[in-house]
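Visitor: Start from the sequences and build out the full structure, keeping to the hints where you can.
One letter stands for each residue in the lines below.
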Amino acid sequence: QSALTQPASVSGSPGQSITISCTGTSNDVGTYRYVSWYQQHPGKAPKLIIFDVRNRPSGISNRFSGSKSGNTASLTISGVQAEDEADYYCSSYVSSTVYVFGSGTKVTVL
Amino acid sequence: EVQLVQSGVEVKKPGESLRISCKGSGYTFTNYWIGWVRQMPGKGLEWMGIIWLHDSNTKYNPSFQGQVIISADKSITTAYLEWYSLKSSDTAIYYCASTEDGNFYWDFWGQGTLVTVSS
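For the record, the sequence lines run as chains G and U. Just so you know, my numbering puts 108 at position 108 of the first sequence, and the rest follows in order with no gaps. Just so you know, my numbering puts 37 at position 37 of the second sequence, and the rest follows in order with no gaps.
There's no promise every hint is true.
Calculated cross-link-like contacts (lysine to any residue; reagent style SDA-like; alpha-carbon spacing at most 25 Å) [as the list claims (entries may be wrong)]:
#1 G:Lys44 x G:Arg63
#2 G:Lys44 x U:Val11
#3 G:Lys106 x G:Ser65
#4 G:Lys47 x U:Glu100
#5 G:Lys44 x G:Thr19
#6 G:Lys47 x U:Tyr84
Hints in this document: simulated from the structure, not taken from any laboratory.
Guide: If you want it as C-alpha cells, here you go:
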C-alpha cells in the first residue's frame, strides 16, 4: 500500500485560502468516507483537524474544511493565519492495511 | 479527559531488544483501539499497526508485519510496541494514538517516544 499523494508544499499570504489535495485510489479514498486530516507543528504530535471527510472535532477552527471527489480528498484553509504554518497529513481507512497516510504537505504562510 | 502518556527516550544498540509503552487514562480502555505510527527523522507519518484493547485483536501494516510486535495489557490500560532485534533504520519517533471502536479517525495522541539506534 503506497502513501496517498499530497503536494510537498503549499504557501499563501495571510488571509488567503489554500487547498491541499490528497490523491489515493479506488481501494482507499475512492471507496471509504473515512478520510481524516492531521496538523503537525514542529516537534509536536499530530492533531486531528478533520474526520470522516468533512467533519471538524470540537475546538477546531471553522477555517478548516474538507471535501472529497472520487479518489481525491481536499483540505481547505480559509483565511490562512501564521499559526497555520505546519505540516498536514491526510489519512484513509484501507481494509487491507487498515490505514494509510498521505506523503505530507508543508504549509508556509508568506 | 482522554490522555495517552508514552514512555521516555530510548538509546539502543543494533541487535538489542526494546519495548515502549503507551498508557491511557480518562476513558473506558477496552472500547478503544490504539494505533502506532512511525516518523523517521525529517520524514512523514507511517501507520505501523493497530490493536483493539478489548481482546488484543491486532492488525499490522504489511510493511511492519514481522518487524515489530504490538500488544496490550488492559489491566493497566497500557499498549506496547516491541522489537526483538533493533536496526539503525528503526531510529524514529513513535507515536501512539487512540480511537473509539466504530470510529475511523485518531483523535487522541501520545507525546511520542524518540528511539535512537546507534552503535
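Visitor: So, for every hint listed, does it hold in this structure?
Guide: The hints, checked one at a time:
no. : hint               : in the structure
1   : G:Lys44 x G:Arg63  : holds (21 Å)
2   : G:Lys44 x U:Val11  : holds (20 Å)
3   : G:Lys106 x G:Ser65 : holds (17 Å)
4   : G:Lys47 x U:Glu100 : holds (16 Å)
5   : G:Lys44 x G:Thr19  : holds (23 Å)
6   : G:Lys47 x U:Tyr84  : violated (30 Å)
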